[in-house]
Amino acid sequence: MDKCTCYNSTPFQKIQPWTEKISAGQMENIEKNFASAKPMNDEPLAIKKDASVQTAVPAPVERKGVISVINHVKPFYTGYARIDNAITDALYGKSQELKDNVYDIMWNDLLRHNVHGLEEKDRTALISLGVQKAEYLADQFMDDKTKASFMEAIRSVARIGMEGKRVSACEMEYNVKYAVCLDGNNHVHDDNMEEYLFAMEREAPDTYKTYQELRKSSKNGEVDAAFFALHWAMKNLDLIASNRPGYQRHKDEQYEKLQKVKLADTFSGADTSSKEKFLSSIVEKLKMNQNLQQSFFMEQIMRMSKTSSTYLLERQMVLTGKA
Numbered sequence: 001m002d003k004c005t006c007y008n009s010t011p012f013q014k015i016q017p018w019t020e021k022i023s024a025g026q027m028e029n030i031e032k033n034f035a036s037a038k039p040m041n042d043e044p045l046a047i048k049k050d051a052s053v054q055t056a057v058p059a060p061v062e063r064k065g066v067i068s069v070i071n072h073v074k075p076f077y078t079g080y081a082r083i084d085n086a087i088t089d090a091l092y093g094k095s096q097e098l099k100d101n102v103y104d105i106m107w108n109d110l111l112r113h114n115v116h117g118l119e120e121k122d123r124t125a126l127i128s129l130g131v132q133k134a135e136y137l138a139d140q141f142m143d144d145k146t147k148a149s150f151m152e153a154i155r156s157v158a159r160i161g162m163e164g165k166r167v168s169a170c171e172m173e174y175n176v177k178y179a180v181c182l183d184g185n186n187h188v189h190d191d192n193m194e195e196y197l198f199a200m201e202r203e204a205p206d207t208y209k210t211y212q213e214l215r216k217s218s219k220n221g222e223v224d225a226a227f228f229a230l231h232w233a234m235k236n237l238d239l240i241a242s243n244r245p246g247y248q249r250h251k252d253e254q255y256e257k258l259q260k261v262k263l264a265d266t267f268s269g270a271d272t273s274s275k276e277k278f279l280s281s282i283v284e285k286l287k288m289n290q291n292l293q294q295s296f297f298m299e300q301i302m303r304m305s306k307t308s309s310t311y312l313l314e315r316q317m318v319l320t321g322k323a
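Mind the numbering: the sequence shown is residues 1 to 323 in the numbering used here, read in order.
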């Protein structure tokens with residue numbers, strides 16, 4: 001593994017006392033002038049003789065806890081319409097807590113970007129844990145039909161995670177889109193640009209080569225290349241239409257290839273019938289895999305056990321204070 005250079009490995013800088021940052025002459029000047037400074041209040045702080053004295057003991061003030069809602073988890077979209085829309089449909093009408101739990105799994109378990117301190121075996125085991133967490137939530141909060149399509153989509157996301165590439169010691173890159181087209185129902189639509197480029201590559205290879213060169217040419221290459229492709233598409237709508245069946249077959253092949261990716265089975269078969277049994281079975285499976293970073297996974301389990309509900313992620317905090 002490459003040497004870690006992310007912020008997690010950067011040592012904290014020791015705080016230097018302010019007295020060490022000034023010279024002896026400056027300190028002498030401070031001490032000399034301090035005594036000559038006039039007090040802000042000339043009158044001594046004291047209780048006046050005619051002040052009434054309160055003899056009754058005040059009643060204790062009861063302070064109720066204030067519920068603070070943590071920021072909700074941002075939805076994660078892979079750009080694969082068949083995957084994203086199945087998850088969106090499964091979560092339609094469900095509680096915000098369930099949505100937060102599912103998207104937290106996608107961000108932090110299945111497609112984790114920062115993998116500081118995790119070996120590849122730990123990362124893939126974390127994906128396996130994420131799949132089991134999603135299955136627990138599906139068993140608790142979804143009917144059988146919804147659960148089936150939801151879990152198929154979640155496993156597809158996990159397969160994308162298994163195919164991820166390390167771009168540095170601590171960062172992962174996945175074959176997902178960072179900008180997607182959403183409609184009013186939060187359904188993902190396939191990007192038309194992919195269809196344009198599919199036709200361009202087959203019908204006008206020289207033009208496609210120019211597109212690729214333009215895309216890599218400068219700081220604004222991505223934008224310039226997109227306008228170049230759009231301009232070509234507007235003049236070649238017939239070519240795009242004639243290549244549409246081939247494009248659909250290409251998309252089907254992409255999904256079929258993804259389904260062949262083998263998933264890690266580290267935590268497979270966990271008991272999802274209740275939260276207590278789920279966490280207990282996860283601990284048992286962790287004990288059977290001593291080659292993993294035990295402290296990291298125990299921290300994940302402790303995080304789930306601290307929630308007061310049947311969810312695995314707490315989205316509320318009760319804040320209390322004393323006078």
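Worth flagging that the hints you see were computed from the coordinates, not collected in a lab. Beta carbons: idealized from backbone N, C-alpha and C, even for Gly. Watch out, some of these pointers could steer you wrong.
[To be verified] Okay, the calculated beta carbon distance ranges per label pair:
| no. | residue 1 | residue 2 | range |
| --- | --- | --- | --- |
| 1 | Lys235 | Glu213 | 12 to 22 Å |
| 2 | Glu201 | Thr310 | 18 to 28 Å |
| 3 | Val223 | Ile22 | 31 to 41 Å |
[What the hints assert, rightly or not] As a list, the in silico DSS-like pairs of lysine-lysine whose alpha-carbon atoms are at most 27 Å apart:
| no. | residue 1 | residue 2 |
| --- | --- | --- |
| 4 | Lys219 | Lys147 |
| 5 | Lys99 | Lys32 |
| 6 | Lys165 | Lys177 |
| 7 | Lys121 | Lys219 |
| 8 | Lys121 | Lys94 |
| 9 | Lys165 | Lys277 |
Q.
Going through the numbered hints above, which ones does this structure break? Give me the numbers in ascending order.
A. 2, 3, 4, 5, 7, 8 and 9
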